[in-house]
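S.K.: Residue strings, one per chain:
2 protein chains.
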Amino acid sequence: MPFTRFDRYVERHARTFTERLQTICRMPSVAARGTGMRAMAEAIEKLMQRSGAGTRAFKMGSGYPIIFGECGAGQHCYLVYGHYDVAPVGQLTSWSTGPFAATISDGKLYARGAANSKGDLVARLAAVEAYQKTFGKLPICLRFIIEGEAGIGSPSLHRFATENSELLKADGCIWEEGNKDTQERFVISLGFKGITFIELRVHGARTDLHSKWGAIVPNPAWRLVQALSTMTSPKGVITIDGFSSHIAPITPEDAEALKEIQLDEAGLKSEFRISNWVRGMRGSTLVKEHIFGPTCTICGIQTGHTEAGPKTVLPSDAMVRLDFRLVPDLSPDIVVELLREHLDVRGFKDVELIELGSAPVIKSSAQSSVARAAIETAQEIYGAPAVVYPLNPASGPVGAICGASDPPMPVVSFGTSYAGSNPHGPDENIRLEDFLQSVKFFGRVIHHLGQQARHTKSGSHKIPSAALTLSRG
Amino acid sequence: MPFTRFDRYVERHARTFTERLQTICRMPSVAARGTGMRAMAEAIEKLMQRSGAGTRAFKMGSGYPIIFGECGAGQHCYLVYGHYDVAPVGQLTSWSTGPFAATISDGKLYARGAANSKGDLVARLAAVEAYQKTFGKLPICLRFIIEGEAGIGSPSLHRFATENSELLKADGCIWEEGNKDTQERFVISLGFKGITFIELRVHGARTDLHSKWGAIVPNPAWRLVQALSTMTSPKGVITIDGFSSHIAPITPEDAEALKEIQLDEAGLKSEFRISNWVRGMRGSTLVKEHIFGPTCTICGIQTGHTEAGPKTVLPSDAMVRLDFRLVPDLSPDIVVELLREHLDVRGFKDVELIELGSAPVIKSSAQSSVARAAIETAQEIYGAPAVVYPLNPASGPVGAICGASDPPMPVVSFGTSYAGSNPHGPDENIRLEDFLQSVKFFGRVIHHLGQQARHTKSGSHKIPSAALTLSRG
Chain A
1 MPFTRFDRYV ERHARTFTER LQTICRMPSV AARGTGMRAM AEAIEKLMQR SGAGTRAFKM
61 GSGYPIIFGE CGAGQHCYLV YGHYDVAPVG QLTSWSTGPF AATISDGKLY ARGAANSKGD
121 LVARLAAVEA YQKTFGKLPI CLRFIIEGEA GIGSPSLHRF ATENSELLKA DGCIWEEGNK
181 DTQERFVISL GFKGITFIEL RVHGARTDLH SKWGAIVPNP AWRLVQALST MTSPKGVITI
241 DGFSSHIAPI TPEDAEALKE IQLDEAGLKS EFRISNWVRG MRGSTLVKEH IFGPTCTICG
301 IQTGHTEAGP KTVLPSDAMV RLDFRLVPDL SPDIVVELLR EHLDVRGFKD VELIELGSAP
361 VIKSSAQSSV ARAAIETAQE IYGAPAVVYP LNPASGPVGA ICGASDPPMP VVSFGTSYAG
421 SNPHGPDENI RLEDFLQSVK FFGRVIHHLG QQARHTKSGS HKIPSAALTL SRG
Chain B
1001 MPFTRFDRYV ERHARTFTER LQTICRMPSV AARGTGMRAM AEAIEKLMQR SGAGTRAFKM
1061 GSGYPIIFGE CGAGQHCYLV YGHYDVAPVG QLTSWSTGPF AATISDGKLY ARGAANSKGD
1121 LVARLAAVEA YQKTFGKLPI CLRFIIEGEA GIGSPSLHRF ATENSELLKA DGCIWEEGNK
1181 DTQERFVISL GFKGITFIEL RVHGARTDLH SKWGAIVPNP AWRLVQALST MTSPKGVITI
1241 DGFSSHIAPI TPEDAEALKE IQLDEAGLKS EFRISNWVRG MRGSTLVKEH IFGPTCTICG
1301 IQTGHTEAGP KTVLPSDAMV RLDFRLVPDL SPDIVVELLR EHLDVRGFKD VELIELGSAP
1361 VIKSSAQSSV ARAAIETAQE IYGAPAVVYP LNPASGPVGA ICGASDPPMP VVSFGTSYAG
1421 SNPHGPDENI RLEDFLQSVK FFGRVIHHLG QQARHTKSGS HKIPSAALTL SRG
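As they're listed, the protein sequences go chains A and B.
Mapping to the numbering used here: the first sequence position 212 is 212, numbers consecutive.
Mapping to the numbering used here: the second sequence position 124 is 1124, numbers consecutive.
Keep in mind that the hints were calculated from the coordinates and are not lab data.
The beta carbon of each residue, even a glycine, is placed where N, CA and C say it ideally should be.
Accuracy of the hints is not assured; some may be wrong.
Claimed, not checked - Just some of the chain A residues that point at chain B, by a computed CB distance under 7 Å:
#, residue
1, T35
2, H210
3, T239
4, I240
5, F243
6, I247
7, I250
8, D254
9, G280
10, G283
11, T285
12, H424
As the list claims (entries may be wrong) - Quick partial rundown of chain A residues pointing at chain B, CB under 7 Å, derived from the structure:
#, residue
13, W95
14, R206
15, D208
16, G214
17, S245
18, K311
19, I375
20, Q379
21, E380
22, I381
23, Y382
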């Protein structure tokens, strides 16, 4: 099927799609702060209806609604995951422009959430619209599941998945994490590391004290430092008792896949402004560690007085937030159990451990229909093979959706951003050219999935009408 | 000399003195923030003049002025140190009342700075006024040196002391740190621990990164934790190479003095809400550690994201503020040198060390005139001996004033606050009864110094008229 008409439609509507994205990016939707979430959810539902999807907002308790949208039909059904919430903006002074100004400069759109991942969401819905306008009906059924809590552990999504398992029966799932790497190669992932996000707390005196008491009053900050220092080696290897024995060896197939992956070490080091990688790694060792290495990252420590101006206090409390990224076969439960035991046997029973959120590791095959559709499209669009990661170093609530079935539903992930997008930092941005390419890309993925559907008979995932009343827009 | 008339004057003016204190406490003067400093300096100068002192404001460069005031005359001269700046207020929500409301409730005056140490300053000037109104001229010369930078390392005071050494020639110095302990015993100190306030910094990537990079990008927070963990043992003993060998043994005289000191362990533990002291110490071991133990206190750590709401980042920077309290013979220079060397030999050359401020340890004899005056007054006022600390666990810029001469000028320190004053925390307060007792106390100290002066001939500290033009108020 020639895509000339489709592409022309996208190009003719480039300005419309871009303005649509700007509108969405100008709406702050920081789940962690609770700002602008309802307006954003409503805007997303309207955007879906405009793209020809029937929609329904699922409100789970007091959480932010999940916007469910369906378009197309057929025996084969695919889930498209996305989220409308964005990360907190961080230090405003670090931004060159207002984080919700959605300014366009040098062909880039700057906004918190542009890369992660409003650009993906708007592009995919634009692709559905363009497909329908140029080809007619979609050859498959697509179900969009767009949540508002990706930044806060996705509690509603987990509940939604449990209570609406019928709606999740599908042949595969398309995720939204991905970018072009520093060498402009398109990255496709076949799974995600799991995550356990933990807070450790140590309590001291009832209030911060004058530090003249430092010789005799226990200091929770020192206690926390001493506890933490047992958890990794000075070289950055995780030394929690029993941790390494729960890590599955890399399969021969994955070892082969790793050989195809190269990190642009010089480009990334320059981008991050670092002089060395952890333990001086490089080459294939570095790639292997990036993709199959578990992590224990200190995301933040808070204790005592840290504002401008000296103040000599003995802190009353100390807190660290740690995120573990998990590889096969490390589960969130195992990590929590091992860490608690590790601290206890060293006498750190007073160190409080609070689980803030978790998601299991999900890993699928390059032979799935969704993976093949993405890999073939990348070859067509870029004239070069995509870089296929057997596991994405990032995590997400992918387990809630793909891990519900046994074996887990195949997942593939790719996105609109590029190496300079800085998705969790200041000046988050995407290139408008990538955005439009992303629309074209998704149109072709739909097409490939339709082609595959014609050659297979499996799959029958009609949505039970009792469970879902769709309001066709 | 009977103090009946003096005491009656103080009691008749109790309300005036209290209102004077409230006025001063309602003026915010946070040196670390630069708020209200000029107005406060002017108010202090007026207050001195009102008490019959000639004054002069010394402005050292861009620093906050040092208010110098002289009253009385005679061959014997004593310095009275104080400061008009206060500590930052910290978390406003932790206060029961506005930190500058100076509310009186249950006989206590609540305000940032009430205990540390506007109460002392106003009481001492009130005592000078009452003394002159009831006895006539002071029997000695008192020189008030009131700075505005106690909370930010006293840079102006150090420069003032260097440039005006003639003004500092005196027979002794009276400091303002002291309180009643949990058993209501009056505490007198004969010296102060030194201090070195240090910041350690580790730098990572140019900005906070998505923590998916955690397996391969160096994490400055982990680096800082590993560096810190080498500096103390899990039991809280300082393990910096060579540190302990620079600590002088406790003299037999000091060992005797320690025997007279008891910490109200149960009272303090209840006050602080802690269940144990460091290393489970108690009794004489605890007292010895409190007074002659050096400290390395983590005053604050800042790295990554610590606000409400989860955010999984790999921090770009990590910072710790450490304060070392120094005992004989540890000097600030030795500590910095040892710490740098300790870090370097362990491969932590990348850990940046910044000196934020320091003061040497100062320790004087119980036989000095100032010490005897305070000790005798305490016996008279309270009918019980004071608790005499050979070394105060706190520090201060005392070295700038007392350490300039060789041997160092004798110093004694006592104050107006009590065990519940919480001088660096929220709800800082003093009891009004203590405040008025403090006025009476200081009047008697003046008297004792005068008595001693009559029996000795040493001392001649006339202020060179060329150096100081006093405006008599």
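S.K.: Run every hint past the structure and note whether it holds.
M.R.: These are the hints, each one checked on the structure:
| no. | hint | result |
| --- | --- | --- |
| 1 | T35 | 11 Å, violated |
| 2 | H210 | 5 Å, holds |
| 3 | T239 | 11 Å, violated |
| 4 | I240 | 14 Å, violated |
| 5 | F243 | 14 Å, violated |
| 6 | I247 | 12 Å, violated |
| 7 | I250 | 14 Å, violated |
| 8 | D254 | 15 Å, violated |
| 9 | G280 | 10 Å, violated |
| 10 | G283 | 12 Å, violated |
| 11 | T285 | 10 Å, violated |
| 12 | H424 | 5 Å, holds |
| 13 | W95 | 11 Å, violated |
| 14 | R206 | 4 Å, holds |
| 15 | D208 | 6 Å, holds |
| 16 | G214 | 4 Å, holds |
| 17 | S245 | 18 Å, violated |
| 18 | K311 | 6 Å, holds |
| 19 | I375 | 22 Å, violated |
| 20 | Q379 | 26 Å, violated |
| 21 | E380 | 28 Å, violated |
| 22 | I381 | 25 Å, violated |
| 23 | Y382 | 23 Å, violated |
Hints 1, 3, 4, 5, 6, 7, 8, 9, 10, 11, 13, 17, 19, 20, 21, 22, 23, counting from the list given before, are not met by this structure.
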